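Asker: Sequence:
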Amino acid sequence: MTAAAARVEVMRGTHRDLGVLFGPLPGLRAGDVVAYEFELPERFEPWPSRTRLERTFVLLDVGVSFANPCWQRATEPDGSVVEMDPRGRDSWYVDLVTVVQHLDRYTFRDLYVDLIVPTDGRHYRMLDLDEFADAMADGSVTLEDAVDGLRRWQRFLDRYLHVDRWPPAGWSDFPPASIRGLLESADPFGEPVRLDG
Numbered sequence: 014m015t016a017a018a019a020r021v022e023v024m025r026g027t028h029r030d031l032g033v034l035f036g037p038l039p040g041l042r043a044g045d046v047v048a049y050e051f052e053l054p055e056r057f058e059p060w061p062s063r064t065r066l067e068r069t070f071v072l073l074d075v076g077v078s079f080a081n082p083c084w085q086r087a088t089e090p091d092g093s094v095v096e097m098d099p100r101g102r103d104s105w106y107v108d109l110v111t112v113v114q115h116l117d118r119y120t121f122r123d124l125y126v127d128l129i130v131p132t133d134g135r136h137y138r139m140l141d142l143d144e145f146a147d148a149m150a151d152g153s154v155t156l157e158d159a160v161d162g163l164r165r166w167q168r169f170l171d172r173y174l175h176v177d178r179w180p181p182a183g184w185s186d187f188p189p190a191s192i193r194g195l196l197e198s199a200d201p202f203g204e205p206v207r208l209d210g
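Counting in my numbering, the sequence shown runs from 14 upward without gaps.
Note that these hints are calculated values from the structure, not bench results. Keep in mind it's a predicted model, so treat the numbers as computed, not measured. Backbone N, C-alpha and C fix where the C-beta goes; we use that ideal spot for every residue, glycine too. Misleading hints may appear alongside valid ones.
Unchecked claim - Quick list of simulated restraints, FRET-style, between CB atoms:
1. Ser93 / Asp209: 30 to 40 Å
2. Asp91 / Asp45: 37 to 47 Å
3. Arg100 / Gly32: 30 to 40 Å
4. Val176 / Glu89: 14 to 24 Å
5. Ala199 / Tyr106: 18 to 28 Å
6. Ser62 / Arg135: 18 to 28 Å
Between the sequences and the hints, there should be enough to build the whole structure, so can you do that?
Answerer: Here is the structure:
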């Protein structure tokens with residue numbers, strides 16, 4: 014555990030099904046970053062020298078979570094196989110989330126908008142804006158949550174990916190320097206909780 018980190022519990026879910034949460038998951042908070050872990054089921058094959066323990070980081074200042082997925086291949090329940098592009102091994106998958114804190118428990122709910130951020134010089138790829146629009150249209154996401162989420166998303170892009178109007182070749186601060194201690198911590202945050210499915 015890093016010196017300035019405090020133990021927290023994390024619950025995670027979606028806005029699509031508000032009654033379902035996964036957790037509690039072991040986590041740590043250091044400054045404005047919460048990091049938590051969970052174990053993927055055996056149908057996921059990790060990259061060489063990695064395990065199925067997925068560590069996710071949340072920037073509380075913008076309400077964005079992200080992880081460098083630990084797996085290279087997964088077998089779906091129907092037998093089909095999903096393979097990650099080897100160039101994606103060091104890429105980050107970013108989610109816009111809502112954040113609710115109650116004492117030392119944090120609840121993070123996915124707010125549809127996603128981003129893949131490569132670290133090899135390729136441009137990022139934004140995903141699922143159509144799902145966000147559908148959720149606004151069907152009332153799964155309130156107008157208030159949508160407006161707040163879009164404003165926070167723009168702050169994330171401006172602060173962490175491209176501070177300048179004409180950005181340089183690299184990212185401004187991604188992966189953020191604020192996660193370094195939690196990222197480099199080799200010890201698990203607690204007893205691993207396995208994701209079902």
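Asker: Each hint: holds or not?
Answerer: We went through each hint and held it up to the structure:
In this structure, Ser93 and Asp209 break the distance hint of 30 to 40 Å, their C-beta atoms being roughly 19 Å apart. Distance hint check for Asp91 and Asp45: the Cβ-Cβ separation is about 41 Å, which falls inside the suggested range of 37 to 47 Å. Checking the proposed 30 to 40 Å range against Arg100 and Gly32 shows it holds: the Cβ atoms sit about 38 Å from each other. At about 40 Å, the CB distance of Val176 to Glu89 disagrees with the hint of 14 to 24 Å.
Range check, Ala199 to Tyr106: about 22 Å between beta-carbon atoms, so the 18 to 28 Å window is met. At about 23 Å, the CB distance of Ser62 to Arg135 agrees with the hint of 18 to 28 Å.
In this structure, the hints that do not hold are numbers 1 and 4, in rising order.
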